[in-house]
Amino acid sequence: MAERVEERIEDRIERLMADYAECIDEGRLEEWPAFFAEKCLYRIITREGYRNKWPAGIMTCEGRGMISDRILSLRRANIFEAQIYRHLTSCMRIKSEEQGGWRVHTNFAVIRTMRTGEMIVFVAGFYDDLVIEQDGKLLYRERSAVLDSERIDTLLAIPV
Amino acid sequence: MAERVEERIEDRIERLMADYAECIDEGRLEEWPAFFAEKCLYRIITREGYRNKWPAGIMTCEGRGMISDRILSLRRANIFEAQIYRHLTSCMRIKSEEQGGWRVHTNFAVIRTMRTGEMIVFVAGFYDDLVIEQDGKLLYRERSAVLDSERIDTLLAIPV
Amino acid sequence: MAERVEERIEDRIERLMADYAECIDEGRLEEWPAFFAEKCLYRIITREGYRNKWPAGIMTCEGRGMISDRILSLRRANIFEAQIYRHLTSCMRIKSEEQGGWRVHTNFAVIRTMRTGEMIVFVAGFYDDLVIEQDGKLLYRERSAVLDSERIDTLLAIPV
Chain A
1 MAERVEERIE DRIERLMADY AECIDEGRLE EWPAFFAEKC LYRIITREGY
51 RNKWPAGIMT CEGRGMISDR ILSLRRANIF EAQIYRHLTS CMRIKSEEQG
101 GWRVHTNFAV IRTMRTGEMI VFVAGFYDDL VIEQDGKLLY RERSAVLDSE
151 RIDTLLAIPV
Chain B
161 MAERVEERIE DRIERLMADY AECIDEGRLE EWPAFFAEKC LYRIITREGY
211 RNKWPAGIMT CEGRGMISDR ILSLRRANIF EAQIYRHLTS CMRIKSEEQG
261 GWRVHTNFAV IRTMRTGEMI VFVAGFYDDL VIEQDGKLLY RERSAVLDSE
311 RIDTLLAIPV
Chain C
321 MAERVEERIE DRIERLMADY AECIDEGRLE EWPAFFAEKC LYRIITREGY
371 RNKWPAGIMT CEGRGMISDR ILSLRRANIF EAQIYRHLTS CMRIKSEEQG
421 GWRVHTNFAV IRTMRTGEMI VFVAGFYDDL VIEQDGKLLY RERSAVLDSE
471 RIDTLLAIPV
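So the sequence lines, in the order shown, correspond to chains A, B and C.
For the first sequence, the working numbering assigns the number 1 to the initial residue and increments by one for each residue that follows.
For the second sequence, the working numbering assigns the number 161 to the initial residue and increments by one for each residue that follows.
For the third sequence, the working numbering assigns the number 321 to the initial residue and increments by one for each residue that follows.
Nothing false has been slipped in among the hints.
The following residues of chain A were derived to be distant from chain B, with all beta-carbon distances above 10 Å:
| hint | residue |
| --- | --- |
| 1 | Lys39 |
| 2 | Leu72 |
| 3 | Ile94 |
| 4 | Lys95 |
| 5 | Ile132 |
| 6 | Glu142 |
Part of the chain C face toward chain B, derived, beta carbon under 10 Å:
| hint | residue |
| --- | --- |
| 7 | His425 |
| 8 | Ile440 |
| 9 | Val441 |
| 10 | Ala444 |
| 11 | Gly445 |
| 12 | Asp468 |
| 13 | Ile472 |
Covered stretches of chain B (in silico footprint by chain C; criterion: 3 or more residues with CB under 8 Å from a CB of chain C, positions within the stretch not fixed):
| hint | stretch |
| --- | --- |
| 14 | 176-188 |
| 15 | 242-249 |
| 16 | 279-288 |
I should point out that these hints are in silico values taken from the structure, not numbers from a laboratory.
Here the structure is a predicted model, which is why all the values come from computation and not from measurement.
Positions of the beta carbon are idealized from the N, C-alpha and C atoms, including for glycine.
Only chain A is shown next, with the shape it has when bound in the complex (with noise of 0.2 Å):
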């Protein structure tokens, strides 16, 4: 008889990630704070304010609060209605264990499909996070967007 092989924490945590790009391409964005930790933090930020340690990104949440009402906004706005994301992850990998969890970079790519047809590259870069377990689940403590591009979209209103 097999034995269920342990589980890689590699393995589980791609499965966190593809289970967070599912949330959002599918636009199921009132799912999405469950992702985080209750203390965490989320932005998106430019290779250049990453690198220079800027204290503000183009967006930033801190706590899962402030995530939650970026939501409602959202939905009260809404704009992405009109658009349609697909992630794209590969090159995943551990930096190192920290702050009792595991401090992961993964390039990404998200293509944006409009209503109208029109379908681009939206944005490119990496995510750095700090994936910790609470409870045996895989939650993100942060997660850091670094986007490619210092020009950013204006209907970058999705979380990335």
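Starting from the known structure of chain A, arrange chains B and C on it as the hints suggest.
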């Protein structure tokens, strides 16, 4: 002496997907039907058609025979000679076990390069697959390529 | 007590590829030669050149020394300052074991972001790699970046 670890089903499905993509990207379309079970469903469908369970898609093949026929027509029409596909896949997640197989969703994008040099993100979306095992081999019993765009390029002749 | 599972070679090769991509994407080109064996072949070649076994590619480096020289020239020319690369890889498949190593094919696309903000899918294709192990470390003995496009941007100066 190290014993070979039992392979995770996720890894085996990843490999099936990689071989499938290679087959199309290298233009070996005659080998494409062998990725499917005898009794199968292959279709390309828009996000809206998928959500609303429309019976007809952009392309629908029921059974491996119909898939083979499709290839014959393509070869006769000579369409695929002018373009090269490159599959990018990511965010694979097993959604459930059902019908003795695995329901799997995976993000994808296909980059198309024309002989003229033009290169675009041709389609993006996700695969909704039902993977089964027959005689120790994984096969697609169902593969739906769900496209993010509602507007389809008329050149969409090659399977995705 | 859970014992650490022996790592799959597929996972180790994925990690090699992720570290390689990160090195280039972060512009740490001086570290790039360290991914190769002393005796090695690195080249960028078109699909047609690859298939017809043309001796010359778009870029060809034989040996780690030539790879290091290449970086020196690039630094002198200052070309890479104006652009940022982002690698996306997927569909890795080990094709065979040969020459005491692993023959591996992997799809890739590189998204290029210019300082001006312009963002395009710069190149797409697949890697044909021969990965070997030396002193417990994986290295490229051969890496051919096979491009789908026959028309190459003159800015293709950074290694892929």
